[in-house]
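J.: Respectively, the protein sequence lines represent chains A and B. Letter by letter, the first sequence follows residues 4 to 114 of the numbering used here. Letter by letter, the second sequence follows residues 49 to 163 of the numbering used here.
Hints are computed from structural coordinates only; laboratory data are not their basis. The beta-carbon is built from N, C-alpha and C at its ideal position, and this holds for glycine as well. Some hints could be false.
With a cut-off of at most 20 Å between alpha-carbon atoms, the simulated EDC-like pairs for lysine to aspartate or glutamate come out as follows [unchecked claim]:
| no. | chain 1 | residue 1 | chain 2 | residue 2 |
| --- | --- | --- | --- | --- |
| 1 | A | K20 | A | D70 |
| 2 | A | K6 | A | D70 |
| 3 | B | K72 | B | E131 |
| 4 | A | K62 | B | E150 |
| 5 | A | K66 | A | E8 |
| 6 | A | K60 | B | E150 |
| 7 | A | K6 | B | E92 |
| 8 | B | K126 | B | E110 |
What the simulated footprint calls covered on chain A by chain B, stretch by stretch (three residues with Cβ under 8 Å from a Cβ of chain B suffice, anywhere in the stretch; the number is not a length) [as the list claims (entries may be wrong)]:
| no. | region |
| --- | --- |
| 9 | 38 to 52 |
| 10 | 101 to 114 |
A few chain A residues that don't get close to chain B, going by computed Cβ distances all over 12 Å [claimed, not checked]:
| no. | residue |
| --- | --- |
| 11 | I7 |
| 12 | Q9 |
| 13 | T25 |
| 14 | T29 |
| 15 | K58 |
| 16 | R61 |
| 17 | E63 |
| 18 | T90 |
| 19 | A94 |
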Amino acid sequence: SQKIEQNSEALNIQEGKTATLTCNYTNYSPAYLQWYRQDPGRGPVFLLLIRENEKEKRKERLKVTFDTTLKQSLFHITASQPADSATYLCALWTGANNLFFGTGTRLTVIP
Amino acid sequence: DAGVIQSPRHEVTEMGQEVTLRCKPISGHNSLFWYRQTMMRGLELLIYFNNNVPIDDSGMPEDRFSAKMPNASFSTLKIQPSEPRDSAVYFCASSTLTGNGETQYFGPGTRLLVL
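Extracted from the complex, chain A is given alone in its bound form:
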């Protein structure tokens, strides 16, 4: 069956450290992988998109990697801040014009 798993429901890290979130998938062949941020009481907000032929994408303190052999994406936030505390969702786009979302990882950055 098709599955998208994000490493843990919750992740706590100390301010200033690098947060690493994992997204693993099975029985999908995504052409693109996206990461979204969701704050309590709000809808998800797009952060980054990476294509299947790209290994890495960066945006400010964010970095995403995509390994289609391992069927895994890693999402890194460097120099983390309390304002980075949120739930982060990975989503796969397979070409059918809809996204398949993981269940999310709730990140808490402790001051």
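On the provided structure of chain A, position chain B as indicated by the hints.
T.: Showing chain B alone in chain A's frame:
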């Protein structure tokens, strides 16, 4: 642009009542998506439209759910009759049809509680 607009933001109703959720997508976007989010199941796609035409409604839980998109700037999701297990946050999202990964823009959601 105001972004995706959803109404109402909160809805409390009694079991058996009809519920109608509304969505206005971002102007110029030609795809619209309805999702349901719960703690147990995460974000689930219910139905999506391309150019006002329903493309995939396989996520609609049962016949009690129906969705329409009469024009490019308006969509509704209706639940009739509502049941307590329908309690969730319902999101509408829109995007452009590019074939290049289709970033989706989400509304603020409607928090539905069925008593």
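J.: Each hint: holds or not?
T.: Structure-based check of each hint:
1. Using a Cα cut-off of 20 Å, the hinted pair A:K20 and A:D70 is violated, with the two alpha carbons roughly 24 Å apart.
2. The hinted pair formed by A:K6 and A:D70 meets the criterion: a straight-line CA distance of about 16 Å does not exceed 20 Å.
3. With a CA separation close to 25 Å, the supplied pair B:K72 and B:E131 exceeds the 20 Å bound.
4. The suggested pairing of A:K62 with B:E150 holds, with an alpha-carbon distance near 18 Å, which does not exceed 20 Å.
5. Among the hinted pairs, A:K66 with A:E8 is consistent with the structure: their alpha-carbon atoms are about 19 Å apart, no more than 20 Å.
6. Pair hint A:K60 plus B:E150 holds up; C-alpha atoms about 17 Å apart against a cutoff of 20 Å.
7. Pair hint A:K6 plus B:E92 holds up; C-alpha atoms about 13 Å apart against a cutoff of 20 Å.
8. In summary, the hint linking B:K126 to B:E110 is supported, as the alpha carbons are separated by about 12 Å, within the 20 Å threshold.
9. Against chain B, the region 38 to 52 of chain A contributes 7 residues with a C-beta closer than 8 Å to a partner C-beta. That satisfies the three-residue criterion, and the hint holds.
10. Look at the region 101 to 114 of chain A against chain B: 7 of its residues bring a Cβ nearer than 8 Å to a Cβ of that chain, three or more, so the hint holds.
11. Against the 12 Å criterion, A:I7 falls within the reach of chain B, whose nearest CB is about 9 Å from its own CB.
12. Distance check for A:Q9 against chain B: the nearest CB is about 9 Å away, which does not clear 12 Å, and the non-interface claim fails.
13. The claim that A:T25 lies off the interface holds: its Cβ sits roughly 16 Å from the closest Cβ of chain B, which is beyond the 12 Å cut-off.
14. The Cβ of A:T29 lies farther than 12 Å from every Cβ of chain B, with a closest approach of about 16 Å, so its non-interface assignment holds.
15. Residue-level check passed: A:K58 sits 16 Å from the nearest beta carbon of chain B, beyond 12 Å.
16. The beta carbon of A:R61 sits about 17 Å from the closest Cβ of chain B, which is more than 12 Å, so the claim that it is off the interface holds.
17. The beta carbon of A:E63 is kept farther than 12 Å from every beta carbon of chain B, the shortest such distance being approximately 17 Å.
18. The non-interface label for A:T90 is inconsistent with chain B: the shortest C-beta to C-beta separation is roughly 10 Å, within 12 Å.
19. Not every beta carbon of chain B lies more than 12 Å from that of A:A94, the smallest distance being close to 8 Å; the non-interface claim is violated.
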